[in-house]
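Trainee: Taken in order, these protein sequences are the chains called S and H.
Read in numbering that gives the first Met the number 0, the first sequence has 105 at position 106, and its numbers run on one by one without any break.
Read in numbering that gives the first Met the number 0, the second sequence has 13 at position 14, and its numbers run on one by one without any break.
These are computed hints drawn from the structure, not numbers from a lab.
One thing to keep in mind: the hints can contain errors.
Restricting the straight-line Cα-Cα distance to at most 30 Å, the calculated cross-link-like pairs of lysine-lysine (BS3-like) are [as the list claims (entries may be wrong)]:
(1) 152(H) - 260(S)
(2) 221(H) - 86(S)
(3) 152(H) - 86(S)
Nothing here was measured: the structure is a model prediction, and the numbers come from that model.
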Amino acid sequence: MSWRADALAVWAVVVRNALMASRNVFFFFELLFWPIVGVLSIGLMTRFLGLTPAQTSFVLIGTIALSVVNVCQLEVAYAVLMDVWAKSIKHQFLAPIGIRHLTIGSWLVGMVRGVALFTLLAVLAWWAFGFRVFAAGGGPVAVFLIGCFLNAWIVGVFVCALITLFGNRAEAFAWASVNLVLVLAGIYYPVSVLPPPAAAIARAIPLTYFLDAYRAHFGFTSEFAAPIATGLGLSVVYAALAHLAFYSCVQRARRTGLLLKMSE
Amino acid sequence: MSSPAASLAIDAREVAKTFRSGWFRPRTTEALRGVTLEVPRGAIVGLLGPNGAGKTTFLSILATLLIPDRGSARVLGLDVVRDSLALRRRLNMASGRPSFLWSLRVAEIVAFYGRLYGLSGSVLRARVDRLIEEYELTPYRRVPYSELSTGLKQRVALAKSLVNDPELLFLDEPTLGLDPDVSVRVRAHIAALRRERGMTIVLTTHYMREAEELCDDVAFIKAGRILDAGTPDELKRRIGLGDVIALRLEPTAPAWLATAAGVLRCTTNDGWTECTVDEAEKRLPDLLGRLQAEGVTVRNVRVREPELEEVFVELAR
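Could you build the full structure based on these sequences and the hints that come with them?
Mentor: Okay, here's the thing in structure tokens:
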């Protein structure tokens, strides 16, 4: 496939997802309602508990990360989920494109939504609770967002794989999976407070390292030696595994006939 | 349906497919049990058969949506498993129960798939406009898919299936659930695709009239096997259904009529005596001459060939 055909296929998915996102009330709730409710409720809880500004920033970073990863990951899952809902999935697998076009196109839209959401929540957190996400500078914010988006891509592609493996029954993973990842990655607490087995799992999650690296700019001692490099390294490994899993599941769906069943 | 390999659009040999379902109590369904079919380039071929016969499964294998368990299938000279990506550029498919993303508008749906097939800019716009015009969708180009009627959805599916100007088009029950007038127009479009673009078309249908009107060849599938294949006329002859000579006689039909030379069976219904004969052209003069000689008045005569539907009933039995 030429780079032009690659770019066009990715662009087709970008346009499709963007159009769908702009016309559904559900997407509005995903992008605005739940994230705003999340930051406000968690922020107010920190006030009630009398946390220090540093502790508040620690918790709010986790809340913002949860929203950004969630929105971007859902968009990646929409690469197949929307077509499963519409029973039109066979048409996109009949076209001469690869799964990379579907996931990258959806991921690009997810990143745009993620940046928009991050900006909105940053303003809200500053206005309501005096937490300045850019206090650490643009570089750390960019690395943090890259980490969030890489993790969103990995979780989203695994969700796509599960949907093409189990069909509609796996839909719940789209909403549940990211929460499980974030609980283990230390969303509101350092991973050192986790029980040893859970802490071991946390060390295998890339987002753990990106959260750690970003929080280090707010006065918290880093728990890892080279968190960004480790996070990036793990992300590359998981991204490759997720892609392979999705590809294998699509091939399996072509063998079992699930691809057709999901289109009937 | 036997042609040199180079001129074949489809060359399927002993294609078999079994579906397995259930994790704890696995069940198996043999959908195809060794289907062999050749389709020449530029032909319209119909796959006929009762529900669950394996028509859609076979079509899906040829369209690379399913991987066969056994056998081989070459489509446009390419292997459906090994060369699936290259093959997908050159074929397309529309089904009788079309579904697309509910919020996308008609023009956006066609454009989305156009981009997936590598079209862009003015070429894409021109292709979308042409297809929308051809399928009389211009008034609906900005209407969301969820608000379209069944007939309009069907036309969107057909427009989408032509967006890459395919060499081979699969149509899975293309007129299912359509009003008769819309069905007539869809059939006219299908015939025009072959006539004007030389496209090879393979369609599944339950409507015998559709198959008889459109198809050069038909193949009957039942329980995952092709029972017979050929032109509609060949099949009628091969099944031995014969021609029907319907006579209105006075005073009554003589008893010898049922056992006359070439008569396969004779029935009387509503004043008409229907004699199924091996060849009407050969038997009619003899029958009329003998009736006249015996003083039987022939008030009316009609001759008709058996319909494909009768072949279907015979084979599906």
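Trainee: Against each hint, give a clear statement of whether it holds in the structure.
Mentor: Each hint tested on the structure:
1. 152(H) - 260(S): This hinted pair holds, its Cα atoms lying about 20 Å apart.
2. 221(H) - 86(S): Satisfied, since the Cα-Cα distance of roughly 27 Å is no more than 30 Å.
3. 152(H) - 86(S): Between residue 152(H) and residue 86(S) the Cα gap is close to 14 Å, so the pair holds against 30 Å.
This entry satisfies every hint, going by the numbered hints stated previously.
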